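Novice: In case you want the letters, here they are:
2 protein chains.
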Amino acid sequence: MNSSREVLGSLLTIGDEILQGDIPNGNAHHIAAELREKGFRLQHIFTVGDREEEIAEMLLHCTNRSHFVIVSGGLGPTEDDRTNAAVSRAFGVPLIHDSVYVKWLKDELADRGRPWTEEAEKLSELPQGALKIGQEMAGYFLEQENVPCYFLPGVPHEMKYLMARFVLADLEKRFPQRPHYVKRVLRFQDVFESEIGHRLKQVDVEAWNLEVGYYPQLREVWVALGATADDPGEARMRLAEGEMVVLERLGREKMSGYKDDPLEKVVGRQLLQKSWKMAVAESCTGGLVAQRITSVSGASRYFDRGFVTYSNEAKMALLGLPQELLQAHGAVSGPVAQAMAQGAMEKARVEIALGITGIAGPTGGSRDKPVGTVYMACATAHDSRVEKHQFHGDRETIRQVAGQAALQLLWRSLCP
Amino acid sequence: MNSSREVLGSLLTIGDEILQGDIPNGNAHHIAAELREKGFRLQHIFTVGDREEEIAEMLLHCTNRSHFVIVSGGLGPTEDDRTNAAVSRAFGVPLIHDSVYVKWLKDELADRGRPWTEEAEKLSELPQGALKIGQEMAGYFLEQENVPCYFLPGVPHEMKYLMARFVLADLEKRFPQRPHYVKRVLRFQDVFESEIGHRLKQVDVEAWNLEVGYYPQLREVWVALGATADDPGEARMRLAEGEMVVLERLGREKMSGYKDDPLEKVVGRQLLQKSWKMAVAESCTGGLVAQRITSVSGASRYFDRGFVTYSNEAKMALLGLPQELLQAHGAVSGPVAQAMAQGAMEKARVEIALGITGIAGPTGGSRDKPVGTVYMACATAHDSRVEKHQFHGDRETIRQVAGQAALQLLWRSLCP
Numbered sequence: 150m151n152s153s154r155e156v157l158g159s160l161l162t163i164g165d166e167i168l169q170g171d172i173p174n175g176n177a178h179h180i181a182a183e184l185r186e187k188g189f190r191l192q193h194i195f196t197v198g199d200r201e202e203e204i205a206e207m208l209l210h211c212t213n214r215s216h217f218v219i220v221s222g223g224l225g226p227t228e229d230d231r232t233n234a235a236v237s238r239a240f241g242v243p244l245i246h247d248s249v250y251v252k253w254l255k256d257e258l259a260d261r262g263r264p265w266t267e268e269a270e271k272l273s274e275l276p277q278g279a280l281k282i283g284q285e286m287a288g289y290f291l292e293q294e295n296v297p298c299y300f301l302p303g304v305p306h307e308m309k310y311l312m313a314r315f316v317l318a319d320l321e322k323r324f325p326q327r328p329h330y331v332k333r334v335l336r337f338q339d340v341f342e343s344e345i346g347h348r349l350k351q352v353d354v355e356a357w358n359l360e361v362g363y364y365p366q367l368r369e370v371w372v373a374l375g376a377t378a379d380d381p382g383e384a385r386m387r388l389a390e391g392e393m394v395v396l397e398r399l400g401r402e403k404m405s406g407y408k409d410d411p412l413e414k415v416v417g418r419q420l421l422q423k424s425w426k427m428a429v430a431e432s433c434t435g436g437l438v439a440q441r442i443t444s445v446s447g448a449s450r451y452f453d454r455g456f457v458t459y460s461n462e463a464k465m466a467l468l469g470l471p472q473e474l475l476q477a478h479g480a481v482s483g484p485v486a487q488a489m490a491q492g493a494m495e496k497a498r499v500e501i502a503l504g505i506t507g508i509a510g511p512t513g514g515s516r517d518k519p520v521g522t523v524y525m526a527c528a529t530a531h532d533s534r535v536e537k538h539q540f541h542g543d544r545e546t547i548r549q550v551a552g553q554a555a556l557q558l559l560w561r562s563l564c565p
Numbered sequence: 150m151n152s153s154r155e156v157l158g159s160l161l162t163i164g165d166e167i168l169q170g171d172i173p174n175g176n177a178h179h180i181a182a183e184l185r186e187k188g189f190r191l192q193h194i195f196t197v198g199d200r201e202e203e204i205a206e207m208l209l210h211c212t213n214r215s216h217f218v219i220v221s222g223g224l225g226p227t228e229d230d231r232t233n234a235a236v237s238r239a240f241g242v243p244l245i246h247d248s249v250y251v252k253w254l255k256d257e258l259a260d261r262g263r264p265w266t267e268e269a270e271k272l273s274e275l276p277q278g279a280l281k282i283g284q285e286m287a288g289y290f291l292e293q294e295n296v297p298c299y300f301l302p303g304v305p306h307e308m309k310y311l312m313a314r315f316v317l318a319d320l321e322k323r324f325p326q327r328p329h330y331v332k333r334v335l336r337f338q339d340v341f342e343s344e345i346g347h348r349l350k351q352v353d354v355e356a357w358n359l360e361v362g363y364y365p366q367l368r369e370v371w372v373a374l375g376a377t378a379d380d381p382g383e384a385r386m387r388l389a390e391g392e393m394v395v396l397e398r399l400g401r402e403k404m405s406g407y408k409d410d411p412l413e414k415v416v417g418r419q420l421l422q423k424s425w426k427m428a429v430a431e432s433c434t435g436g437l438v439a440q441r442i443t444s445v446s447g448a449s450r451y452f453d454r455g456f457v458t459y460s461n462e463a464k465m466a467l468l469g470l471p472q473e474l475l476q477a478h479g480a481v482s483g484p485v486a487q488a489m490a491q492g493a494m495e496k497a498r499v500e501i502a503l504g505i506t507g508i509a510g511p512t513g514g515s516r517d518k519p520v521g522t523v524y525m526a527c528a529t530a531h532d533s534r535v536e537k538h539q540f541h542g543d544r545e546t547i548r549q550v551a552g553q554a555a556l557q558l559l560w561r562s563l564c565p
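Each protein sequence line maps, in turn, to chains A and B.
By the count of the numbering used here, the first sequence reaches residue 565 at its end, each step adding exactly one.
By the count of the numbering used here, the second sequence reaches residue 565 at its end, each step adding exactly one.
Pulled out of the complex, with its shape left as it was, chain A reads as follows (with noise of 0.2 Å):
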């Protein structure tokens, strides 16, 4: 699988912030993708603190071993910051004052009419050899020993128009010859990872030379495919067969879609198709089906409205239940789901509704219904159909499983 013209890569992130786990270490996840998607890959990510030895060890650690260096942080003005004196220290250059670059900073500073001070002295000072990229933040480029080095300020969103502004451009322009890389990943419903696992481990990636990961989501398993081949025609018509053979394997009608394709998305061009309206009434959900289904664009061309029926009054006045039915089975149960459901249709004069209620905990579990019990229904002018769940976990997971299940019986509801 790996190509021995193959391009490897260190990323080396500055921040005590990451290792003192206040933060993720977002950034490393989004330099590693957009790499991949470009045919390059990572050997190794490091994640050192604001400590100028082991930054310049680390990074001769990284130039020695691979054809590229992306270092990500530590490029601000405070006494933290202390990539560049790293970088003086480990590839034996001095720090000087970029002529360009100061000119630009102090028609900047006194366009904002602030005095030029320690920091812009700091700021202006670059590795001799480096090139400034992205003019109006931190960062620029360093070729040590042939070895392209990127360094971009930690910042996520100035990082993020770095990469795709320059970093990979010039990644691409650099190394032309590198085998083609085409990666996929498919979004399966009802399926449980275990299940995968033993049925995936049939599959003989070796023999098809492909990458196969999978990844357990809520109520949802992602199937990563990847395939490498100096040839791109090659490596689609792999990845192709490969999707193919796992497709059989799964069951073709439990993929909803591919990674772009959440099952909101899936369900609006049901919708859309059929030109259907939608509506949602919600207890334990709270409004989490209504914000899923809401957040793909151009979702005012089939979803109508949303009731968030937390109280009982709610319920009767918005949705028309009647007491007696409350009173009869209890706010949390299957005659209310449907009822939630017939009566958002109903009051949205729409095709098909979503009802859910449920105990999301961590109190109000009982014996007979406990935390984790969700009753919903999905009703149509031709059909109704109603499902208990039990689900585990805190408060949070058990109403983001519970949105997730709603969406499949939502989308099998809508599944020709």
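Hints in this document: simulated from the structure, not taken from any laboratory.
Worth double-checking, as some hints may not be accurate.
Any copy, or any two copies together, can satisfy a pair, since identical chains are not distinguished.
Result set (SDA-like, lysine to any residue): computed pairs, CA atoms no more than 20 Å apart in a straight line [claimed, not checked]:
1) Lys255 with Trp265
2) Lys496 with Glu462
3) Lys281 with His541
4) Lys414 with Arg333
5) Lys309 with Thr546
6) Lys496 with Met465
7) Lys496 with Pro471
8) Lys187 with Val156
Bear in mind the structure is a predicted one, so any value in this text is a computation, not a measurement.
Given the structure of chain A, go ahead and fit chain B onto it with the hints provided.
Specialist: Below, chain B alone, put in the same frame as chain A:
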């Protein structure tokens, strides 16, 4: 700030899926945060792929530089799992069968009616000297030249279990004399990152011997304070003093709470204190505000209902908005936001309600009302506040930021 007795650790996470950008390194974030809570400090986090030589190289790198090492991933039964082979290579110890573990695994497989397989064979092999931890999952402890090394599975819930049950307790036992560390994260509303940076620069953190970090969230900035001292009382005192200084600099009235107190929790407490109930009418946020408010356990005591009025018909039918109002001002306007809040308050018969209407994009914008234009209102019996905002970013960002701004408006309306 760095006490000489500080206990420094290395974290080595193994897995191609992180290097390929398939999943973020959630394990690293969890382990880093857990260690910091207990007063241990990670020097670096290294992520490498499923390659024996590099795992071995980095293992030695870590044991040569740290007081303890945690390794996560690569312990499974497949060909890709190379951690044990790397340990054997790096530490010069053979892999041997752990007889207790072999017996347990054999019984376990027999119970499930499964045969002894090559995978079981591989799973039951451990480096000589390893102590199995968490028998029902992969994981072991090994001391290498007085450096305790913890090998944990990459499966998140198994890793979390072993961290909580074994690793942290064992580290605390081994390093009882480490300096005491306390930490607190403060949430500030309606402040800008640049402003915070500027004001906190005046705080002499060196003199206070405090760690200060600030992390911009959506329309909210988190300020993290950490204090290390030999005496726990002294650490707490320094933290409390530091907090007072930060509050003074940034404005006490802008702090909404600590890390575990998101705004939805704070407004919940405010409502309970007033014995008020609330409702919300949402258009562009599509249920997001209702969802956040109901994410808090016990929200049914103060949240009555939510209206997700996406269509104009829904706005008229559910909130009683006159068609003329919608025609005169357009659905995205101050008067409509105000009428939505007022309508929600009256229809739900509650003391306070929010109304939100805007253009989340990417389509639907105009010259007068570009994408990101959001009007929001908060109505009570005596008071009505309307705000116009211009947000930037993609659809999801605009919705999230609008939701946060709406909760801020509610929070300020409920403040004494």
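Novice: Confirm or reject each hint.
Specialist: Hint check:
1. Lys255 with Trp265: within (7 Å within a copy, 72 Å between copies)
2. Lys496 with Glu462: This pair counts as both: shortest intra-copy Cα distance 16 Å, inter-copy 11 Å.
3. Lys281 with His541: neither (52 Å within a copy, 28 Å between copies)
4. Lys414 with Arg333: within (18 Å within a copy, 40 Å between copies)
5. Lys309 with Thr546: For Lys309 and Thr546, only the inter-copy Cα distance (16 Å) is at most 20 Å; the intra-copy one is 30 Å.
6. Lys496 with Met465: Answer is both; intra-copy 12 Å and inter-copy 13 Å each pass.
7. Lys496 with Pro471: Both. Shortest intra-copy (14 Å) and inter-copy (18 Å) distances satisfy the 20 Å Cα cut-off.
8. Lys187 with Val156: within (11 Å within a copy, 41 Å between copies)
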